[in-house]
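Q: Protein chains in written order, with this note's numbering: chain A, 13 to 282; chain B, 506 to 911; chain C, 447 to 667; chain D, 193 to 509.
Just so you know, not all the hints are guaranteed correct.
[Said to hold, decoys possible] In silico DMTMM-like cross-links for lysine to aspartate or glutamate, where the CA-CA straight-line distance does not exceed 25 Å:
| # | chain 1 | residue 1 | chain 2 | residue 2 |
| --- | --- | --- | --- | --- |
| 1 | C | K509 | B | D770 |
| 2 | D | K280 | D | E357 |
| 3 | D | K368 | D | E337 |
| 4 | C | K479 | A | E108 |
| 5 | C | K511 | B | D779 |
| 6 | A | K75 | B | D779 |
| 7 | C | K448 | B | E868 |
| 8 | B | K575 | D | D366 |
| 9 | A | K69 | D | E233 |
| 10 | B | K908 | C | E475 |
| 11 | D | K468 | D | E337 |
| 12 | A | K69 | D | D366 |
| 13 | B | K566 | D | D366 |
| 14 | C | K448 | B | D779 |
| 15 | C | K479 | B | D618 |
| 16 | B | K813 | C | D483 |
| 17 | C | K479 | B | D607 |
| 18 | A | K14 | C | D514 |
| 19 | C | K509 | B | D780 |
| 20 | C | K448 | B | D770 |
| 21 | C | K507 | B | D775 |
Simulated from the structure, these hints should not be mistaken for laboratory data. Note that the coordinates shown come from a computational prediction; the quantities given were computed from them, not determined experimentally.
Chain by chain, the residues run as shown.
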Amino acid sequence: MKRTTLILMALVVIFFALSWIFKAMAFKGVEEHYILQGFLVTLAAFLTLSIMSFLYKDNPFYKFAEHLFVGISAAFWMSMGFWSTIVGNLFPRLSEGMSNFFKVHYIPGDYNFFFYVPVILGILLLMRLSRNYGWISRWSLAFIVGTTAGLNFIRYLRSDFINQVSSTFVPLLVDWQGIGHFFSSLNLSASGQFIMMLANWVIFLGVMCGIIYFFFSKEHTGLFGRASRVGIWILMITFGASFGYTVMGRISLLVGRITFLFRDWLGLNI
Amino acid sequence: MRYIFVIFSLVFLTFSAGLAQVDTLGADSTLLNIAPPAPISNLTVYDKANDHGHALILEWKPSPDDAAGKNTVMMYEIYRSESPDGPFENIGSVPSGNSRYDNIGILEKEARDYIPDNTDLYYRVDAVTINPEIRTSSEIFGPVRSYSNWFHRGRVPVLFAVLIFGGLMMYFVSVARKGAELYVRPLAGIAAVDDAIGRATEMGRPILYILGLGTADMISTIASFTILSRVAKQVAEYQTQLIVPCYDPIVMTVAQEVVKSSYLDAGHPDAYNDDMVFYITTNQFAYVAAVNGIMMRELPATNVYMGKFYAESLILAETGAVAGSIQIAGTDEVGQLPFFIVACDYTLIGEELYAASAYLGREPLMLGSLKAQDYAKAAVIILSILGIIAANFGWTAFTNIFKVLD
Amino acid sequence: MKRQIPIFLVFVFGVFMVFQYFSPHEASEWIYKFLMDWIYIIGIFAMALGIWSLIHVSYDKIKHKRHDWGYSVVTLAALFTMMFFGITGFNENGEWGFYFMTQEGLTNPMFRNFFNHILVPIETTMFSLLAFFIASAAYRAFRARNVLATMLLVSALIVMLRFNPYFGDTFGFYMNKTAAWLLNVPNMAAKRAILIGIGLGMVGTALKVILGIERGYMGKG
Amino acid sequence: MMNAFTPPLALALVDIGRIISLTLIAAGLLWLFIRAIKLKEVERRVIFLFIFISVAAPILFPTVFKEKATPVVKAVFDKIESLPPGSKVLLSYDFDPAMAPEVQPMADAFSRHCLVKGHKIIYMCLFATGQGQFTRTMENVIRPEFPEKIDGVDYVNIGYKAGNEGVLNVIISDFKKMFPTDVNAVPYDSIEVFKGIRSCKDLDLIISIGGGRPGIKEWVLFVGDPGDVPIATGVAAVVAPQLYPYYPKQLLGLLGGVKGAAEYESELVAHYSRFKDSPTPALLMMGPQTLAHIVIMAFIIIGNVLFIQGRRKEGKR
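Given the sequences, and given the hints that come with them, work out the whole structure.
A: See below:
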């Protein structure tokens, strides 16, 4: 490491050490464990800034925060999984003794022995670690994949396919009372006839052209090609609009973070 | 769950109505001498159709004193018994103005609201005034039984769709198996995959393959596995480096298997080691943080994102752009497509992701299924046009075909 | 044996799940519930594989003193510390010991502190980086290179113009309405087209999986 | 929060900081624009810096942009403004804590406006968690700012009743049947606010705040349309586009997201000097939003200038 880097790192460390002291003093009398609280708030601020420093370039602070984050999150996820699924779901079905030990409510049932199956399948999955019997783990995999494939097959056929198709059935002539009425009452209000009809036409044609864009086994030429072109236009307009719309939410996130830094850490009265 | 909530809130409602009554009694003594309301009429109880049993539906004609008339009915209380002589048990209530009650039992035998199947039951509905003492009971309806059904009649449209789609699939797969030539239009994103691997080889930099945040059973992840197997095979042939960081442990297991056998197929089993495919953590942003780090440190020539992605899509793609990698993405998560389109060089939109596996392999069986999907799409277009015509002329019979009951 | 049994299992369970949808009978519901529970439980066993891989990769880095191996020490230390806090704690008598989860979740104070002051701040900060990246992506990509890029650009601008405080009443109002229309009408059309495509693709892939045509997930393309 | 007790020096510093930061952003963008004409790309980190300043500066130096109420928002404001004092307004808190950041400011602003105009407010909610949100209005608005207003005389909280649209179905014809008492168990008939009110049809205005289900759609379908009662709403930004078709026929007006709330707050501040020092959370939230949006749009324009200049140069060659 270069000397300037070392000096810089030392300065940062000193800065946050000072922050810890100041924060702890500010918490004195307010919090019981004021030294710990001061440390934790400083730590949160340090980690926030470390992550943000990645925007400038990859650096040791980011690397530290990143590796810390990975370790903590993996352990968090594992202990939550252990307590909620194994202790919360499995033990109450399998063994009264285990349930008593972990102080969870034992659920007696006639079919509880069925819960040995996933335990066996889970152990088969762990066979993956063995060099020679690794292939056995495919059995439990096959169970998971098969079950969810069947589930997805139906679910998507029903919700994404049948529902979406049937909701395309919209009247193209909304509230039609003859062409004379159409022109005489033409206006641009959102609930007016023209806008409603326009919306339905755009939705219908948009869906059709969009589907045509997704044809794989037909050449996109001629009329077909033109329709598929319109389809990709509609997709692009939509993507642009969604992008623009998302900006607001993302800025809110940053506002939240910066407010944390200013108010909770620096203690500015804003 | 919803029913528990409804029942719970109804209990709460009854309770608060009771409380209210205590207070109003003092304020308004006329409440004590309300005339009893007229009873409800035409009570019918029937088995809930297309269900797992343990559920009955009550319908009745409201009391003439509900809203009109004396306007004294506050709510209806529902009573049930296993014998016509009682004892009747209060099982729930609805506010006045209602003429239907769904008596949905809970499946566990121990539950308080367990309704036995294939057993005679008797029902009674009371019209209750603001003073719960003053009420009028209806005649007892019964016996009635609830049944469990083997077939859900409301789901026939889905069955038809399954049969039609399955048939199309079988047909085209068998056609393809016989060796018929099937045309598929070129997809830019797919062609880019081959170039990208070549580029990585020239530059001597690795290829980063991200399977997304999906679990191993998601269809998009399964499609991604197939693409990964092609990529890994080519990578093995070119002797380029491959990095596959994983979000889900099962996905990691499968990905290891996939990459391993691809290396075997390519004839370089010794070049594979388990650390090419590794697990990071099952936390969205911790995973992103680590992958960002990998991108900036290993500077991969190509980043391939295939599978399920959420808010992290843009963080990954922008960091990849900063690192100067060629980026190819594909996802079926509609909300994230805009970000991949904006930040990546090539993006497979929705269905193209599933098609990609067929494209890369060029196996007749896979191409046959693409053809089946296209025919289904053509059917959608025809059906939609028919549906639009039907909607314009008010032919509800046609649109009703598509009504799926739950 | 190594391939046939898994493919058979996939077929059996896949077909059962399809049938299950059409049969609301109690028995079919019960089996369905069991299967769903099983998947969760198996998933927990897979956790061990994941943690094993994480430890293995980190340990390997440290052992061979690879580049940046010091950070792997951080990962492992964080992992074991958090796990320790996750399974131990004070019981109701105030004794330190093996810890049991309560109604309120894991109440070990250090576990909570780590969660609130390490996990949450980093997580939300990573998320908030999107505010920066959305700007740089917009700058880089929203250029009127061709028709498609122009459309992307124009519709994004229209939607973002909602936030201009300097528009007059009428113009601003119509801008708002146009943005709402864009977000409602073409958006719905495009989403529906994509969803129908995705639905078909999913159904097709799921069917291929059940029938054993698509076997990529078993390491065989 | 800035208020009347902030020392003048701090206020001056805030003004100076605001001016400096805004000038900095404007000058920087101009400089980048000129560089773009000369075909110099903007570095990524510069964009990041601009985004950071444009979000951080308005937080540090509260910056309020001129928020002119759009007609959809103005319609609601004008309605409350034009009703004679003593009119009966119903505010329904149909939201939970998750939606609160966006819609709580609206609920507070409506309450302020109605109370200052001397309207009588009936608070209720279709979400069980709405009660907790009302408590916030009570603690942040009514108690500190309107200590003279009396519960039961100027406003009343009748609380939550389960039953979603079932509740609405009843109160369209009879309030008392569904709400025999208020939350403090005061009987209906002895509540001053309810004098002359039998059903929803006797109300002068109904405002549903939320956007989930049950929410504004149910209010329109079950009360607004059949009872012919004016209905207005304040909803989360995601929901707003779906509600535009209801305006102006079935909906008097609507506030969409933080922006709608900010517009309302600015109208309120402009009309009533007593609210000058009241918290305006939505307006403050709008500062970073507006500035960041403008900066991003400016960068899109700069990018396109670069692109056009580049192509022109290629053409000359």
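Q: Hint by hint, note whether the structure agrees.
A: Hint check:
| no. | hint | in the structure |
| --- | --- | --- |
| 1 | K509/C with D770/B | 32 Å, violated |
| 2 | K280/D with E357/D | 21 Å, holds |
| 3 | K368/D with E337/D | 30 Å, violated |
| 4 | K479/C with E108/A | 22 Å, holds |
| 5 | K511/C with D779/B | 19 Å, holds |
| 6 | K75/A with D779/B | 24 Å, holds |
| 7 | K448/C with E868/B | 23 Å, holds |
| 8 | K575/B with D366/D | 13 Å, holds |
| 9 | K69/A with E233/D | 19 Å, holds |
| 10 | K908/B with E475/C | 23 Å, holds |
| 11 | K468/D with E337/D | 12 Å, holds |
| 12 | K69/A with D366/D | 66 Å, violated |
| 13 | K566/B with D366/D | 20 Å, holds |
| 14 | K448/C with D779/B | 20 Å, holds |
| 15 | K479/C with D618/B | 20 Å, holds |
| 16 | K813/B with D483/C | 23 Å, holds |
| 17 | K479/C with D607/B | 23 Å, holds |
| 18 | K14/A with D514/C | 16 Å, holds |
| 19 | K509/C with D780/B | 14 Å, holds |
| 20 | K448/C with D770/B | 17 Å, holds |
| 21 | K507/C with D775/B | 21 Å, holds |
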